[in-house]
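Going down the list, the protein sequences come from chains L and Y. Per the numbering used here: the first sequence = residues 1 to 632. Per the numbering used here: the second sequence = residues 1 to 150.
Honestly, the hints are just simulated from the structure, not real lab data. All values reported here derive from a predicted model rather than from experimental measurement. Hints are supplied without guarantee of correctness; some may be wrong.
Claimed, not checked - Just a few of them, taken from the derived set where beta-carbon distance is under 8 Å, the chain L residues facing chain Y:
id : residue
1  : C207
2  : R425
3  : G442
4  : S461
5  : G495
6  : V533
7  : P603
Stated by the list, open to error - Quick list of simulated restraints, FRET-style, between CB atoms:
id : chain 1 : residue 1 : chain 2 : residue 2 : range
8  : L       : A93       : Y       : R140      : 50 to 58 Å
9  : L       : A93       : Y       : E74       : 33 to 41 Å
10 : L       : L159      : Y       : A13       : 32 to 40 Å
11 : L       : G586      : Y       : V8        : 42 to 50 Å
12 : L       : L524      : Y       : V8        : 51 to 59 Å
13 : Y       : T136      : L       : W10       : 51 to 59 Å
14 : L       : A402      : Y       : R140      : 37 to 45 Å
Note that CB positions come from ideal geometry on N, CA and C, so glycine has one too.
Here are the chains, one letter per residue:
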Amino acid sequence: MSVGYRAVGWNRSKRLYDGVLLGATLSYLVLFAGGMLALYPAVTLETAVIRAAGSCALLLLHVILAIGPLCRLDRRFLPLLYNRRHLGVTMFAVALLHGGFALLQYHALGDSNPLVSLLTTGGRWSVVSEWPFQPFGAAALLILFLMAATSHDFWLVNLTAPVWKALHMAVYLAWWLVLVHVGLGVLQDEVGAPLALVLGAGVVLLCALHLLAAAKEHRVDATSNSAATSAAAAGQGGADGALLDVCAVDELREGRGRVLNVGGERVALFRTGGRVAALSNACQHQNGPLGEGRIQDGCIVCPWHGYQYVPESGRSPPPFTEAVPTYRVTLRGGRVLLDPQACAPGTLQVLPVIADGEATGKRPAPDEDFFVGYLPAVPPRLVRFVQRAVVGVLLVMLGGGALLLAGQGPFRGSRFEFGDVGAWRGVLHESPQPLLEVRRPGLGVTDLGSSGPGAPAELVSRYLLVAPGKHGAQALCAGLDGQAVALHGTLVYRGGQVMLELAERPVPASEAQLGAAAAADGALVALGEVELVGQIVDSKCYFGVMNPAEGTSHRACAERCLSGGIPALLRVRAADGTELTPLLTGRDGRALNLQLLDRVAVPVRVRGALERQGELLLLRTEPADVVRLVPR
Amino acid sequence: MLALLAPVVLIVALRVRAARPSEVAPALTQEVRAGLGAVADLDGAPLLLPLKLAVRVSVDGPGGARLLELQPEEPLLEPDVLVYAVSKASARAGTTDTALPADARLLGALSGTLARRWTLPADANEWWLYSLGHQTVLAREALPAAGGAR
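Isolated chain L (complex conformation) (with noise of 0.2 Å):
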């Protein structure tokens, strides 16, 4: 607000703000998700979004958090802090589109509430390298979305100031929340450099802004203390007593401020109209700097948002409310005598009036580099300082996310045909876990293994079978054991591996549809006693229908799909990168899901029989030869 009871609208300024703002958004956004799907064709564009929106919002809250220091370092970054709060919202959707699209790839359509799902799965709470690290990503976007919801200035009157700071200044706490939400989440699964890198090149900045920031500060509130201090000391004083000399009456300009540290205390000391004002330094609004502000319509503007005081009462104008302490001043012998005692808020002061032969006082150079929002126009210098920042930010921008792009990955082949419903028929198998045979064409002959001799080709092949979401499909195939089917079902598929998502219960059909499949149940062949290292996953998503379906960023989901009865697989990698993938069940054919969700997702030795019906492995193991392997 101004003087001239201007309600802050939408100025030139503000809409190029916002506009360079969100034109930028979004091209990150298109460009990171365009990029990823470009870059890594096997990755699912629900990956690529919550990826292009999660390292947009990270990028965006370091470049929130560094404008603040920079502006205390150099006042020509004030533009940018002004509509400071347009960049928060924005972050925050970015952050709530990247939050909103995890809870509902990893946590919804399952057996349980997604949120109620997203505090009680991910991890283990005993080992700190297991905390499961959504919570805090949406501990750090509750947070952001307190800050969004009270940025307007509504909420800064009615909280009050110190309340209002209080709670934007969690963003500190939002950030720390973050950094550990990408340290336990994906920074556990990256192969790669480049998050390490940009995190820690954001902490490194971030710290490096605010360390020269506020050692610039002390600099200048030592220099002010021994002043004022060193005055007392040696009389300069006078009659008064307990005034203190703070400094000469012509090292003040006109329309300028000052700032004091008396006491502990920041003091704006402002010439204006050939008088001395002293107010305190700390803005109403948001304690932004007051004696680094101008004199403008006859009052003391705030260099943050332009918030106004007048000088002798330190009130801002009617029908504003707010008001800062003010001190009482005196001017003898060329000198600025300050009482160190501030009074209450708004308390009306005779300021003292600088005479002719105290001191001339040194004429304002041209005030080419204050700028406040609602005025009309930016001076021209600041306005090509601005320029060369926002293109400064913007390249840092890029630069990161190019860097995080490329660090993304690996993905490995896979597919889920999502939209595709195709018909399907063939007989279905409830055990070990509900699957459909389906013949293949042609004629079979002999399949040679390495060494042995020969067996017959196997003339079905074995797709498992699931229900949409993350549920299994033994609801849907109950009573259908061995029966003829004709079933509507999606295809998933990795590495030879099939799955189906049925669209709905398969029903019976004659087996005359079928040929010869009902004849051509192919035998187990037992491969014998094994020892594996892998990571349990859950099928359905690691053949296809998320990517990457493994690690800890996918384990929250896999533990609510082996929850909802999607059949669980060990996921074996030898060095050279094959990936073997045998299904998990009891030594006697039960459903392990239940008794494996704390192993989910870490590395784990598992002994079991090997078994092969088929391309379909299947391990046959106990809970008790499940062993994880992550030091605790």
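Given chain L, work out where chain Y should sit, using these hints.
Frame of chain L, contents of chain Y only:
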């Protein structure tokens, strides 16, 4: 305070972080693969087809029978890829690119990047790849001469 604490905490966390154990067990995997009837190594320099598949025909089968060895260089992103042997006569008999000849001989399936080997029928002139999931022919190639790699 936060500025000082953050880098220290991160560096300490990185330093004390325990390495995750390797999930790779090559010896065991080889053992299992042998049990699956896979071929561990293919000799000869394979010629890659557009499908990135190494193909080799030898006469090492029983009684000098021809053997066909296939190994995908990368997993084929097609559902349920089956391998067939087809005689020239069958191949000419009015088949389309999407349908198998009625007397195509099923050899087996490809899975991941595992190498596979099959005995070829005496009259086979071509090998075909067929996706049962998509019910379409993926590739058809003349069989290379015995002993040659393509």
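If you check the beta carbons of L/L524 and Y/V8, does the distance land in 51 to 59 Å?
holds (58 Å)
Given a hint of 33 to 41 Å, does the C-beta separation of L/A93 and Y/E74 actually sit inside it?
holds (39 Å)
Could one say that the CB atoms of L/L159 and Y/A13 fall in the range 32 to 40 Å?
holds (35 Å)
Starting from the range 51 to 59 Å, see whether the pair Y/T136 and L/W10 falls in it by beta-carbon distance.
Holds - the Cβ-Cβ distance for Y/T136 and L/W10, about 57 Å, lies within 51 to 59 Å.
Holds or violated: L/C207 as interface residue toward chain Y, Cβ cutoff 8 Å?
This hint holds: L/C207 lies near chain Y, its Cβ roughly 4 Å from the closest one there, short of 8 Å.
Hinted contact L/G442 with chain Y - closest CB pair below 8 Å:
It holds, given that the least Cβ distance between L/G442 and chain Y is near 4 Å, below 8 Å.
Does the CB of L/P603 sit less than 8 Å away from some CB of chain Y?
holds (5 Å)
L/G495 as an interface hint toward chain Y, with CB separation required under 8 Å:
Check passed: Cβ of L/G495 comes within 4 Å of chain Y, closer than 8 Å.
Looking only at beta-carbon atoms, does the pair L/A93, Y/R140 fall within the given range of 50 to 58 Å?
Roughly 53 Å apart at Cβ, these two residues keep to the hinted range, so it holds.
Grab the minimum C-beta distance from L/S461 to chain Y and call the hint holds if it beats 8 Å, violated otherwise.
holds (5 Å)
So does L/A402 sit 37 to 45 Å from Y/R140, Cβ to Cβ?
Holds: the Cβ-Cβ distance is about 43 Å, inside 37 to 45 Å.
Distance restraint hint 42 to 50 Å, applied to the beta-carbon atoms of L/G586 and Y/V8
Holds, since L/G586 and Y/V8 (Cβ atoms, about 48 Å apart) stay within the stated range.
Hint 2 alone, counting from the list given before, is not met by this structure.
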